[in-house]
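A.B. asks: Sequence:
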Amino acid sequence: MMSRRRYALVAALVLVAGIVMWNVVGGWFGSGPLAKDSAFVVPNGASLSAVADKLQDEGVVRSGDGFALRARLFGGGGAIKAGEFVIPAHASPSRVLAIITSDDVVRRQVMIPEGMPSIMVYERLMAQEALTGELAVPEEGSVLPATYDIQKGDARADVLRKMQAGMRRTLAELWEKRAPDLVVKTPEEALVLASIVEKETAKAQERTVVAGLYSNRLKQGMLLQADPTIIYPITKGKPLGRRIRQSEIQAINDYNTYSMVGLPKHPICNPGRASIEAVLHPAETDALYMVADGTGGHVFASTLEAHNENVKKWFEIRRKRGEI
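Just so you know, we're using the numbering used here here: the sequence shown kicks off at 1 and counts up by one.
Hint data in this document are derived by calculation from the structure and do not stem from the laboratory. All figures in this text were calculated on a predicted structure; none of them were measured in a lab. Keep in mind that a hint or two might mislead.
Dumping the calculated EDC-like pairs for lysine to aspartate or glutamate here, alpha-carbon to alpha-carbon at most 20 Å [stated by the list, open to error]:
id	residue 1	residue 2
1	Lys312	Asp227
2	Lys265	Glu189
3	Lys36	Asp57
So the derived label-pair ranges between C-beta atoms look like this [claimed, not checked]:
id	residue 1	residue 2	range
4	Phe29	Ala82	49 to 59 Å
5	Ala155	Lys236	23 to 33 Å
6	Thr147	Thr235	20 to 30 Å
7	Pro239	Gln128	16 to 26 Å
8	Gln128	Lys312	40 to 50 Å
9	Ser31	Pro239	48 to 58 Å
10	Arg72	Asp104	21 to 31 Å
11	Met111	Arg169	10 to 20 Å
12	Asp104	Ile249	51 to 61 Å
13	Pro239	Ala136	15 to 25 Å
14	Ala204	Lys265	21 to 31 Å
15	Ala274	Ile252	24 to 34 Å
Note that beta-carbon positions come from the ideal geometry of N, C-alpha and C, so glycine has one too.
With these hints in hand, go ahead and build the complete structure from the sequences.
C.D. replies: Next comes the structure, spelled out in structure tokens:
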């Protein structure tokens with residue numbers, strides 16, 4: 001039989017082991033110190049120890065070392081995910097680990113619409129409080145309009161590089177599939193013409209016709225006479241907010257297609273994929289002129305006489321609206 005002394009020793013050891021185990025297990029499943037629901041960011045490439053220390057520093061767990069130890073014992077081997085997570089108030093360490101090894105990342109996005117000029121891309125990125133770092137205004141036409149996923153703490157410069165890489169890939173891909181005998185001879189020229197098409201029509205079904213019209217004008221050595229090219233050097237692509245002045249129509253610069261034959265020196269916005277495709281696959285049309293039709297679209301004409309009649313109709317629409 002076990003002596004009383006030995007029995008007491010075993011009982012004491014069992015009690016101590018129970019207390020230790022209770023502390024370990026209880027500390028894993030018990031309530032945490034976080035007072036309210038909070039965002040927590042797991043940096044890219046962070047180790048478990050580094051994340052545990054960050055959890056302690058931000059008041060999510062009581063002990064970073066304790067969290068790391070228990071995570072290794074009870075965690076089940078799931079990999080920590082980089083990103084931003086929402087941690088509920090008083091979440092237990094086990095719950096915290098489950099969250100940061102899940103796909104339940106806070107989704108943040110920044111949307112760049114077709115035709116947005118680079119100065120406004122810059123302003124939009126700078127206004128994203130989740131992003132960090134400084135940024136220069138990107139080169140016009142270098143950004144692919146799209147919706148981009150971002151994470152809290154991302155560098156603005158890195159997000160911009162992703163946008164510019166998207167434009168390079170898209171332009172290269174579409175250029176390889178271009179139609180033969182185009183008036184544009186380089187991807188850069190295609191981008192410039194696409195930026196004009198983007199600003200000239202908001203109707204998807206008109207893009208290829210507008211591209212065909214401007215291609216015809218370029219082939220015949222005519223002035224493009226695209227109003228957005230007047231506005232760009234004045235506002236860098238932002239809305240003008242007033243009617244164009246005669247002096248601005250006559251201005252000589254690298255963009256104004258009322259005073260120069262051919263394409264502007266640079267794009268006047270960041271065109272979308274559809275406008276680039278339109279320029280590389282323009283409609284077969286004899287159109288050389290267009291004017292607004294009052295519905296957001298345009299009326300096209302192949303002769304100046306027909307165009308002048310269309311202009312008269314447009315002015316009549318504007319008079320009935322009280323615009324002139």
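A.B. asks: Give a verdict on every hint.
C.D. replies: For each hint, the structure was consulted:
no.: 1; hint: Lys312 / Asp227; in the structure: 18 Å, holds
no.: 2; hint: Lys265 / Glu189; in the structure: 9 Å, holds
no.: 3; hint: Lys36 / Asp57; in the structure: 15 Å, holds
no.: 4; hint: Phe29 / Ala82: 49 to 59 Å; in the structure: 26 Å, violated
no.: 5; hint: Ala155 / Lys236: 23 to 33 Å; in the structure: 24 Å, holds
no.: 6; hint: Thr147 / Thr235: 20 to 30 Å; in the structure: 25 Å, holds
no.: 7; hint: Pro239 / Gln128: 16 to 26 Å; in the structure: 22 Å, holds
no.: 8; hint: Gln128 / Lys312: 40 to 50 Å; in the structure: 47 Å, holds
no.: 9; hint: Ser31 / Pro239: 48 to 58 Å; in the structure: 54 Å, holds
no.: 10; hint: Arg72 / Asp104: 21 to 31 Å; in the structure: 22 Å, holds
no.: 11; hint: Met111 / Arg169: 10 to 20 Å; in the structure: 19 Å, holds
no.: 12; hint: Asp104 / Ile249: 51 to 61 Å; in the structure: 56 Å, holds
no.: 13; hint: Pro239 / Ala136: 15 to 25 Å; in the structure: 23 Å, holds
no.: 14; hint: Ala204 / Lys265: 21 to 31 Å; in the structure: 28 Å, holds
no.: 15; hint: Ala274 / Ile252: 24 to 34 Å; in the structure: 32 Å, holds
Comparing the model with each numbered hint stated earlier shows that hint 4 is the single one that does not hold.
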